[in-house]
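Q: Going line by line, the protein sequences match chains U and H.
Residue 24 is where the first sequence starts when you use this note's numbering, and the numbers rise one by one after that.
Residue 8 is where the second sequence starts when you use this note's numbering, and the numbers rise one by one after that.
Source of the hints: derived by calculation from the structure; they are not laboratory data.
As the structure is a prediction and not an experimental result, all values here were calculated from the model.
Treat the hints with caution; some may be incorrect.
Here are the simulated lysine to aspartate or glutamate pairs, EDC-like style, with alpha carbons at most 16 Å apart [unchecked claim]:
id	chain 1	residue 1	chain 2	residue 2
1	U	K165	H	D301
2	U	K230	U	E256
3	U	K165	H	E51
4	U	K171	U	D53
5	U	K165	U	D133
6	U	K165	U	E137
Facing chain U, a subset of chain H residues (Cβ under 10 Å, in silico) [what the hints assert, rightly or not]:
id	residue
7	G74
8	L79
9	I112
10	A141
11	H147
12	H183
Yeah, the Cβ is synthetic: ideal placement off N, Cα and C, and Gly gets one too.
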Amino acid sequence: MTATQIIIDCDPGIDDAIALLAAFVSPEFDILAITAVSGNQPVEQTVRNALQICELGGRADIPVYTGSHRPLVREAIRGQFHGNTGLGNTCLPAPIAEPEENGAVEYLVDRLGEARRTGELVTLCCLGPMTNLAMALCIDPKIADGIKRIVMMGGAYREPGNRTMTTEYNMLTDPHAAHVVFSSGIPIVALPLDATHQVILTPDHVKKFEAASGRISASVADLMAFWDRNQVERYGSRGGPLHDPLVIAWLLAPRLFKTKRARIFIEHESELCMGQTVADWYGSSGLAPNAEIVTQVDAAGVIDLFLDRFSRYNPDIAA
Amino acid sequence: MSRHQVIIDTDPGVDDAAAILLAMASPEIDLLGISVVAGNVGLEASLVNACKLAALAGYCNLPVLAGASRPLIREPVLGKYAHVGRFADDLVPPTDLVPQPDSAIRFIAERAREAARRGGGITLCAIGPLTNIALALRLHPEVAPGIRQIVMMGGAFAALGHRTPWSEYNIHADPHAADVVWRSGVPLTLLPLDVTFQALFTEADFSAFEARDGVCGRAMAELLRAYDRSDEKRFGRPGGPVHDAMAVAWLLRPELFHGREAAVGVTTCGPTAGHSWADFHGVTGQSPNAHVIDAVDEAGYRRLVTERIAGLGATREAPEGREIVA
Numbered sequence: 024m025t026a027t028q029i030i031i032d033c034d035p036g037i038d039d040a041i042a043l044l045a046a047f048v049s050p051e052f053d054i055l056a057i058t059a060v061s062g063n064q065p066v067e068q069t070v071r072n073a074l075q076i077c078e079l080g081g082r083a084d085i086p087v088y089t090g091s092h093r094p095l096v097r098e099a100i101r102g103q104f105h106g107n108t109g110l111g112n113t114c115l116p117a118p119i120a121e122p123e124e125n126g127a128v129e130y131l132v133d134r135l136g137e138a139r140r141t142g143e144l145v146t147l148c149c150l151g152p153m154t155n156l157a158m159a160l161c162i163d164p165k166i167a168d169g170i171k172r173i174v175m176m177g178g179a180y181r182e183p184g185n186r187t188m189t190t191e192y193n194m195l196t197d198p199h200a201a202h203v204v205f206s207s208g209i210p211i212v213a214l215p216l217d218a219t220h221q222v223i224l225t226p227d228h229v230k231k232f233e234a235a236s237g238r239i240s241a242s243v244a245d246l247m248a249f250w251d252r253n254q255v256e257r258y259g260s261r262g263g264p265l266h267d268p269l270v271i272a273w274l275l276a277p278r279l280f281k282t283k284r285a286r287i288f289i290e291h292e293s294e295l296c297m298g299q300t301v302a303d304w305y306g307s308s309g310l311a312p313n314a315e316i317v318t319q320v321d322a323a324g325v326i327d328l329f330l331d332r333f334s335r336y337n338p339d340i341a342a
Numbered sequence: 008m009s010r011h012q013v014i015i016d017t018d019p020g021v022d023d024a025a026a027i028l029l030a031m032a033s034p035e036i037d038l039l040g041i042s043v044v045a046g047n048v049g050l051e052a053s054l055v056n057a058c059k060l061a062a063l064a065g066y067c068n069l070p071v072l073a074g075a076s077r078p079l080i081r082e083p084v085l086g087k088y089a090h091v092g093r094f095a096d097d098l099v100p101p102t103d104l105v106p107q108p109d110s111a112i113r114f115i116a117e118r119a120r121e122a123a124r125r126g127g128g129i130t131l132c133a134i135g136p137l138t139n140i141a142l143a144l145r146l147h148p149e150v151a152p153g154i155r156q157i158v159m160m161g162g163a164f165a166a167l168g169h170r171t172p173w174s175e176y177n178i179h180a181d182p183h184a185a186d187v188v189w190r191s192g193v194p195l196t197l198l199p200l201d202v203t204f205q206a207l208f209t210e211a212d213f214s215a216f217e218a219r220d221g222v223c224g225r226a227m228a229e230l231l232r233a234y235d236r237s238d239e240k241r242f243g244r245p246g247g248p249v250h251d252a253m254a255v256a257w258l259l260r261p262e263l264f265h266g267r268e269a270a271v272g273v274t275t276c277g278p279t280a281g282h283s284w285a286d287f288h289g290v291t292g293q294s295p296n297a298h299v300i301d302a303v304d305e306a307g308y309r310r311l312v313t314e315r316i317a318g319l320g321a322t323r324e325a326p327e328g329r330e331i332v333a
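Given the sequences, and given the hints that come with them, work out the whole structure.
A: Shown next, in the form of C-alpha cells:
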C-alpha cells in the first residue's frame, strides 16, 4: 500500500497537537508539510508550537511553514481552552528547527500545483481556520485539481456552536475563507461538533494514554489533562471533545464513522449567525452535495485506535 | 528628486490603458511592473491588453503578471465596458509578449517586503478591484510596512455610483477586498467618481493624443473614440471621463488636485454591497484613513495626459506654441 500524501494545515492548539502526534506514528501517511495559521494563537506561536510538537514526536524532518497572520477579512479571535502558549501547561524545550523560508500559502500554491501536474493528488487535513487554503485558491484556483480531498474539523449542524450560539470556533474565525473553500468544488469530509462531541477524552482515558505513550507520556498527560472542560452538563462527563484528532482518525479508520452527503453553506454576512454552517440534508437548495458530513462516531473505537498509535512512542512495544 | 517606485494594479480596460501609458511616459515614475486582476474584463483579456500596451510603449522587459481571476468572496461582475474584451488588433497591435509565470500577488508582496527591508516603500497605483492587493497584505505581515502609499481610482461619495446607483465599479466588484485594503493602515489617496467626473475628454483631446503621430497616442485616441464614454444627460456637457489615468496624474502633479482627509469605509454585504462612504464632517469620530480628492484642474489634467501620451515613442516635435508639460 502506498502512503497517503497529506498536508496538515493547523493552529496548534492542544487538540491539534494530539492529532499531529497521532499522525507522526502512522505509516499510512506521507506527511509532506505542516502549514500553520493564525487561529487559536497568533501565527508566530502556532508555528513555534508545531515545531515543538514535531521535535517532541521525533519528526523534525517534516517542514513547517508560516501561514497567514490573520483571517481573510475579519479581525482575529483566539482559542479559549489552550492556555497562554496554546499548549496548556505542557513544558517543552524551545524548538531547534526554524520554519521554512517560504510562506505556507506560497507552498500550497506550488505543491498543489505540482500535484495537479503530476496527477499524484494530495489530501489536506484542515484543523484550523481555513485562511491559508482560501488564499491559495484565490491566488491560483487551478490548484483545486491537485487536491484529492479535504478532511476538515469545523462547523456545527444539529449541535449548537461552541463559540457563539450558532457557530464553531474555526468557522467563526474565518467564515469568508470557509465560504471560499466550500464553494471550490473540492471533495470535503466535514467533522463538525456533532461528531466531535461524541468522543470525549475523559480523565480515565487520559490515564490510559499516560500509561501507553512511552517516552512522550509526561507531555501527552499534560496536554490531555489541560483539555478537561469540567462541564458535565454539556458533555455528559468530565473531559474534553477530541475535535482535531478525528480528522486523522477518519483517514486511518473510516469504518468508525457514519457520514451523510449534503450541500454545506457558510453564513458570512449576518453578525448574529456569522460562520454558521448550514447543511442542506434534503435537497432543498437544488444544489448538488459538496461534502460528506460525519454524523456518527464509534467513540470507543476511536479511543482504542489512538491508544494503539500512541503506544508506538513506547520503545518496548515498538520493538 | 527620487522617483516613485510604482506597481500598477489594473484590469485594462480603456481608461486603464491611459493610466498605464501615462506612467510609462513619465520619468518621475520607476515602473516596477503591472499586476493584472480580473475586473472590467476577464483576467485573460486583461493580461493580453496589458502585454499589448507594454509592447506598444517599448517596455518589453517590464514584468506583467497575472493576479486573482475572481473576487475574494462575491461572484464576479464585469464592468460596463466588458465588451471591450481584448483590444482589437487594429486599435492596439498584437504582440508576442506574454505575462511572467509568477503570481502578481506574490510579486506585490515580495517587492513590498524588499522595500521594507531597505527602509523604503513602493507606491501601488490601484485602478481595478483591490483583490490582488488585499491578498498581498494578508500574505505576510511585513507587506504593509513596505507599501509607502496606495493611490486608488475608486469609490463614489457625493457623485453617487455608476455601476449601480450606490456603487463605483472597482469597489462594487470586490467590496471585501476594498474593506481589507482601506482598513489596512497603509496611507491611501482616493480618486473617486466625484473628481473623475470633473474632467471630460472630447474629440479635441483625442486629436491632441495624435498631435505627434506616436503609436501610443494614436492607439489611445482610437480606443477612446471606439468606446465613447460621454453621457451628456449625466455630465451636462459633451465628453467622457478617463477615470484611471487620474491616479497616475495625482502622483505626477498633486498640485492639480484638491482633497480632504476623511474616514472612509465600504459596505460588504446586503442589498447595497459595494457602497463607499466618507465621513467629511467627523460624524463617526473615526480617524481619517484616506486623502479623498474632490477637485481637479480639468484643463491641466487633460493637457498632462494628452501631451505625455502623445510624446511616448513619438519622433515628431510638439506642435508650435504648445510646451511639453514638464
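Q: Take the hints in turn and mark each one as holding or not.
A: Hint by hint, here is what the structure shows:
1. Among the hinted pairs, K165 of chain U with D301 of chain H is inconsistent with the structure: their alpha-carbon atoms are about 42 Å apart, more than 16 Å.
2. With a CA separation close to 22 Å, the supplied pair K230 of chain U and E256 of chain U exceeds the 16 Å bound.
3. Taking the CA atoms of K165 of chain U and E51 of chain H, the gap is about 14 Å. The hint holds against a cut of 16 Å.
4. Of the pairs offered as hints, the one joining K171 of chain U and D53 of chain U holds, with about 14 Å between alpha carbons and a cut-off of 16 Å not exceeded.
5. Distance hint between K165 of chain U and D133 of chain U is fulfilled; the C-alpha atoms sit about 11 Å from each other, no more than 16 Å.
6. For a cut-off of 16 Å, the pair hint linking K165 of chain U to E137 of chain U stands: about 11 Å separates their Cα positions.
7. Taking 10 Å as the C-beta contact cut-off toward chain U, the hint placing G74 of chain H at the interface holds, the least distance being around 8 Å.
8. Interface restraint check: L79 of chain H against chain U, minimum CB-CB distance 6 Å, threshold 10 Å, status holds.
9. This hint holds: I112 of chain H has a C-beta 5 Å from the nearest C-beta of chain U, less than the 10 Å allowed.
10. For A141 of chain H, the shortest C-beta to C-beta distance to chain U is roughly 8 Å, which falls under 10 Å, so the interface hint holds.
11. Nearest Cβ of chain U to the Cβ of H147 of chain H: about 6 Å, under the 10 Å cut. The hint holds.
12. With a cut of 10 Å, the hint placing H183 of chain H at the interface with chain U holds, because the nearest CB-to-CB distance is about 5 Å.
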